[in-house]
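There are 2 protein chains.
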Amino acid sequence: MSVFTEFDLMREYHHSGGKIVLLVMDGLGGLPMQPGGKTELESAVKPNLDRLAAEGTTGLSIPIRVGIEPGSGPAHLSLFSYDPVRYEIGRGVLEALGIGFDLQPDDLAARGNFATADAEGRITDRRAGRIGTEECKRLAAKLQAATGNLFPDYQVIVEPVKEHRFVFVLRGPGLGGELSETDPLVTGKAPLPVVDASGSAEGAHTAALVNRWVEAARAALADEPKANSLNLRGIAKDPGLPRFPQIYGLRAAALAVYPMYKGVARLVGMEVVDFPGERPEHQVDALERVWNDYDFFFIHIKKTDSYGEDGNFDAKVHEIEAVDAVIPRILALQPGALIVTGDHSTPAKLKSHSWHPVPTLLWSPTVLPDNATTFGERACMGGGLGLFHATNLLPLAMSHAGRLGRFGA
Amino acid sequence: MSVFTEFDLMREYHHSGGKIVLLVMDGLGGLPMQPGGKTELESAVKPNLDRLAAEGTTGLSIPIRVGIEPGSGPAHLSLFSYDPVRYEIGRGVLEALGIGFDLQPDDLAARGNFATADAEGRITDRRAGRIGTEECKRLAAKLQAATGNLFPDYQVIVEPVKEHRFVFVLRGPGLGGELSETDPLVTGKAPLPVVDASGSAEGAHTAALVNRWVEAARAALADEPKANSLNLRGIAKDPGLPRFPQIYGLRAAALAVYPMYKGVARLVGMEVVDFPGERPEHQVDALERVWNDYDFFFIHIKKTDSYGEDGNFDAKVHEIEAVDAVIPRILALQPGALIVTGDHSTPAKLKSHSWHPVPTLLWSPTVLPDNATTFGERACMGGGLGLFHATNLLPLAMSHAGRLGRFGA
Numbered sequence: 292m293s294v295f296t297e298f299d300l301m302r303e304y305h306h307s308g309g310k311i312v313l314l315v316m317d318g319l320g321g322l323p324m325q326p327g328g329k330t331e332l333e334s335a336v337k338p339n340l341d342r343l344a345a346e347g348t349t350g351l352s353i354p355i356r357v358g359i360e361p362g363s364g365p366a367h368l369s370l371f372s373y374d375p376v377r378y379e380i381g382r383g384v385l386e387a388l389g390i391g392f393d394l395q396p397d398d399l400a401a402r403g404n405f406a407t408a409d410a411e412g413r414i415t416d417r418r419a420g421r422i423g424t425e426e427c428k429r430l431a432a433k434l435q436a437a438t439g440n441l442f443p444d445y446q447v448i449v450e451p452v453k454e455h456r457f458v459f460v461l462r463g464p465g466l467g468g469e470l471s472e473t474d475p476l477v478t479g480k481a482p483l484p485v486v487d488a489s490g491s492a493e494g495a496h497t498a499a500l501v502n503r504w505v506e507a508a509r510a511a512l513a514d515e516p517k518a519n520s521l522n523l524r525g526i527a528k529d530p531g532l533p534r535f536p537q538i539y540g541l542r543a544a545a546l547a548v549y550p551m552y553k554g555v556a557r558l559v560g561m562e563v564v565d566f567p568g569e570r571p572e573h574q575v576d577a578l579e580r581v582w583n584d585y586d587f588f589f590i591h592i593k594k595t596d597s598y599g600e601d602g603n604f605d606a607k608v609h610e611i612e613a614v615d616a617v618i619p620r621i622l623a624l625q626p627g628a629l630i631v632t633g634d635h636s637t638p639a640k641l642k643s644h645s646w647h648p649v650p651t652l653l654w655s656p657t658v659l660p661d662n663a664t665t666f667g668e669r670a671c672m673g674g675g676l677g678l679f680h681a682t683n684l685l686p687l688a689m690s691h692a693g694r695l696g697r698f699g700a
Numbered sequence: 292m293s294v295f296t297e298f299d300l301m302r303e304y305h306h307s308g309g310k311i312v313l314l315v316m317d318g319l320g321g322l323p324m325q326p327g328g329k330t331e332l333e334s335a336v337k338p339n340l341d342r343l344a345a346e347g348t349t350g351l352s353i354p355i356r357v358g359i360e361p362g363s364g365p366a367h368l369s370l371f372s373y374d375p376v377r378y379e380i381g382r383g384v385l386e387a388l389g390i391g392f393d394l395q396p397d398d399l400a401a402r403g404n405f406a407t408a409d410a411e412g413r414i415t416d417r418r419a420g421r422i423g424t425e426e427c428k429r430l431a432a433k434l435q436a437a438t439g440n441l442f443p444d445y446q447v448i449v450e451p452v453k454e455h456r457f458v459f460v461l462r463g464p465g466l467g468g469e470l471s472e473t474d475p476l477v478t479g480k481a482p483l484p485v486v487d488a489s490g491s492a493e494g495a496h497t498a499a500l501v502n503r504w505v506e507a508a509r510a511a512l513a514d515e516p517k518a519n520s521l522n523l524r525g526i527a528k529d530p531g532l533p534r535f536p537q538i539y540g541l542r543a544a545a546l547a548v549y550p551m552y553k554g555v556a557r558l559v560g561m562e563v564v565d566f567p568g569e570r571p572e573h574q575v576d577a578l579e580r581v582w583n584d585y586d587f588f589f590i591h592i593k594k595t596d597s598y599g600e601d602g603n604f605d606a607k608v609h610e611i612e613a614v615d616a617v618i619p620r621i622l623a624l625q626p627g628a629l630i631v632t633g634d635h636s637t638p639a640k641l642k643s644h645s646w647h648p649v650p651t652l653l654w655s656p657t658v659l660p661d662n663a664t665t666f667g668e669r670a671c672m673g674g675g676l677g678l679f680h681a682t683n684l685l686p687l688a689m690s691h692a693g694r695l696g697r698f699g700a
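Protein chains in written order, with our numbering: chain D, 292 to 700; chain L, 292 to 700.
Accuracy of the hints is not assured; some may be wrong.
Just so you know, same-sequence chains aren't split out, so a pair can sit in one copy or run between any two.
[Claimed, not checked] Cross-link-like lysine to aspartate or glutamate pairs, in silico, EDC-like; alpha carbons within 20 Å at most:
no. : residue 1 : residue 2
1   : K480      : E379
2   : K453      : D397
3   : K593      : E303
4   : K329      : E579
5   : K428      : E303
6   : K453      : D586
7   : K640      : E346
8   : K329      : D444
9   : K329      : E346
10  : K640      : D661
11  : K329      : E600
12  : K642      : E425
13  : K480      : D601
14  : K453      : D409
15  : K480      : E469
16  : K329      : E572
17  : K640      : E472
18  : K640      : E360
19  : K642      : D341
20  : K517      : E600
21  : K329      : D409
In case anyone wonders, no lab produced these hints; they're calculated from the structure.
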């Protein structure tokens with residue numbers, strides 16, 4: 292008996308074929324604001340998406356596990372067909388990759404948050420009032436100057452990201468472990484020391500280095516009026532995931548606006564395509580431009596999630612409608628398979644990510660259309676895709692794009 | 292790379308939140324008696340359950356594996372989110388826990404059945420005409436007196452249960468193995484010797500001890516007019532399951548009438564709440580009384596199954612209606628999540644447990660209502676829960692009750 296993983300199957304059976312588009316509206320799934328009402332997706336006027344649902348097959352996707360509220364990083368890994376419970380990645384790694392930082396395999400990365408603290412060091416604002424990005428750049432440069440040479444054997448790199456967020460990278464030999472975060476997650480408490488849970492010498496050594504850096508960095512910020520403290524989260528190394536282009540034989544491009552989604556795409560080996568503008572139409576401009584250079588295209592729409600988090604039902608509806616408007620341009624490129632889905636649900640009613648399964652459609656000339664005639668959470672119930680784990684989507688798209696051979700004779 | 296089990300996820304991400312009620316109608320699923328007819332659940336007049344289905348989400352639950360007819364013990368383990376194929380438990384352990392016996396971790400327990408046999412020892416009635424419980428007590432005391440000191444290094448404990456059923460416990464060092472049962476399962480055959488399948492010295496030793504006890508016990512019963520023989524089934528130790536309250540962070544109460552269901556609840560660490568009466572309304576009396584003391588409530592309704600086993604379609608329908616009548620009292624307590632399901636199907640038409648998936652509804656303020664407007668097997672097909680493994684229910688209820696944090700950032 293041999294044990295194939297899903298990835299082994301894909302590596303062995305893939306061949307050339309049509310192009311695949313994975314269009315992700317972040318936080319797509321929703322809830323009615325009132326009993327008996329419609330969800331955001333059900334409320335949107337979206338003739339093109341409805342046509343895709345009618346011509347295609349639909350279902351509800353489980354990003355992580357039944358009942359588990361997904362973070363964005365693991366939820367995207369799942370859409371890329373990596374089981375996120377098996378492949379764990381740190382937020383620091385995602386953030387570093389997201390800003391295009393050339394992370395090395397042995398680098399330790401953390402997400403940094405500038406914060407404010409009172410005289411006793413207790414955190415008073417975990418995001419330092421979301422300071423502007425220019426201020427973030429100035430503070431990161433200050434930290435770089437003050438702590439870049441803190442350790443004789445290690446290089447410290449501090450890179451600004453956006454608002455209160457920065458990336459901390461430690462480069463040198465023998466880093467590792469399972470490191471806890473410094474963020475107490477509530478205000479009024481002192482930051483926590485980094486602790487290693489692996490029990491390894493490497494982990495203890497790394498925790499000590501990080502703690503020393505945090506102390507030096509906070510000292511350097513002590514006189515800053517807007518951000519006199521900081522926290523580190525998701526402190527880890529690149530987990531070295533299997534490479535997406537090799538597993539599927541796909542030249543893969545990511546068309547994303549936000550750093551973290553670029554980061555998770557880079558993490559699996561996709562190429563990030565830069566483009567001017569931030570709206571869905573700008574993303575499709577870029578798609579048209581690079582269509583002949585790649586086989587797979589991940590398009591990430593952020594604002595559906597942002598509006599969901601804000602509790603802004605109507606703005607989320609309008610963003611879905613804006614995406615609907617660009618669908619004909621994507622279809623005009625004649626993809627072999629087009630997936631429209633979300634990484635997770637973000638109901639405006641809950642103002643938060645949620646565990647509800649995600650409405651999903653797969654359109655392809657070889658799809659057997661199911662009974663759904665519109666694209667919506669309830670239209671997708673009982674659809675041809677059923678209730679499925681998100682990692683199943685890509686193998687299915689591969690087949691519909693004519694890219695997978697037969698298993699057995 | 293880390294490998295999380297589902298329980299690891301729950302242990303790591305649970306926090307406080309709303310209360311969860313798991314209402315189990317044993318053997319709930321059914322079949323029409325005639326082609327074109329309705330099932331028991333579909334036939335019942337049950338406005339409250341129908342309302343829950345309309346406001347909630349529905350589906351069909353697979354207790355063990357597709358096509359596998361479930362026993363009650365494993366089917367309940369599955370509802371408690373323990374995969375019963377992975378976590379095997381002996382019927383003796385269940386029975387012992389069910390009568391409140393203080394089973395120790397190294398005890399070997401078996402379910403005993405008083406039986407009748409002919410002059411050659413062949414079983415003539417596997418249940419000894421279901422002798423009365425008083426007779427059962429007398430016979431158990433007789434066995435205790437006759438065999439309690441059979442082994443110098445081991446303690447033998449015989450406890451009556453109900454009708455023809457008793458518990459046999461062997462206490463002492465080095466017990467174990469994978470032991471077969473003595474019950475030939477048909478009349479007209481001689482009982483079987485206990486055989487160990489583990490091949491271990493411990494197993495061979497234990498099998499020999501049990502066989503010696505069975506021989507001595509049958510000799511002690513030889514002159515009994517109503518029960519001159521016995522059989523042992525499900526001979527095993529407590530498997531030491533992970534504890535439900537620790538996995539989920541739930542103070543868990545079981546409101547059951549029958550010993551075995553109390554037993555399986557105790558086995559995972561729930562507390563069994565005693566109450567006067569045996570009807571659903573008495574169980575809800577108790578629920579109201581202990582509502583503030585626990586976070587999770589398992590309510591077990593037995594008679595839906597008993598009537599199914601009897602082939603009494605109408606009585607099963609009426610029992611469902613009796614449960615329907617207490618639903619408003621449960622809702623008045625404002626649970627965060629309410630599950631109504633069965634442990635398995637027991638169609639009156641088959642007079643037996645069956646493998647048919649089990650109609651299930653989940654009601655919560657955060658549920659997206661699906662298209663089902665009544666509670667029934669066919670209404671649940673295509674519901675929002677899909678066709679799912681029963682172990683998924685509890686994580687889902689945890690999220691809906693607001694008790695789970697986010698996975699990843």
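Problem - Within, between, both or neither: K453, D397 at alpha-carbon 20 Å - result: neither (25 Å within a copy, 59 Å between copies)
Handout entry: Status of E600 relative to K329 across identical chains (alpha carbons, at most 20 Å)
Key = within (18 Å within a copy, 43 Å between copies)
Practice task
Measure nothing new, just compare the shortest in-copy and cross-copy C-alpha distances for K329 and E346 to 20 Å and report within, between, both or neither.
Solution key: between (23 Å within a copy, 14 Å between copies)
Practice task
Classify it for me, K640 with E346: is the Cα-Cα distance of at most 20 Å met within a copy, between copies, both or neither?
Solution key: Classified as between: cross-chain Cα gap 17 Å, same-chain 30 Å, threshold 20 Å.
Exercise for the section: Please work out whether the CA atoms of K640 and E472 approach to 20 Å or closer within one copy, between two copies, in both situations, or in neither? Expected result: For K640 and E472, neither the intra-copy (30 Å) nor the inter-copy (56 Å) Cα distance is at most 20 Å.
Handout entry: Intra- versus inter-copy proximity for D444 and K329 (alpha-carbon distance at most 20 Å)
Key = The answer is neither: 59 Å in one copy and 70 Å across copies each exceed 20 Å.
Problem - Homomeric proximity label, K640 with E360: Cα distance no greater than 20 Å - result: Classified as within: same-chain Cα gap 15 Å, cross-chain 41 Å, threshold 20 Å.
Handout entry: Identical-chain pair category, K453 with D586, by Cα at 20 Å
Key = neither (31 Å within a copy, 42 Å between copies)
Problem - Within, between, both or neither, where K593 and E303 count as close if Cα-Cα is 20 Å or less - result: neither (34 Å within a copy, 28 Å between copies)
Problem - Copy assignment of K480 with D601, given that the CA separation must stay at most 20 Å - result: Neither, since 26 Å and 63 Å both go past 20 Å.
Practice task
Since the copies are identical, ignore which copy is meant and state whether K428 and E303 lie within 20 Å (CA to CA) inside a copy, between copies, both or neither.
Solution key: Classified as neither: same-chain Cα gap 46 Å, cross-chain 35 Å, threshold 20 Å.
Practice task
Go through the copies and call it for K480 and E379: within, between, both or neither, with a Cα cutoff of 20 Å.
Solution key: neither (28 Å within a copy, 46 Å between copies)
Going through the hint list in order, the structure does not satisfy hints 1, 2, 3, 4, 5, 6, 8, 12, 13, 14, 15, 16, 17, 19, 20 and 21.
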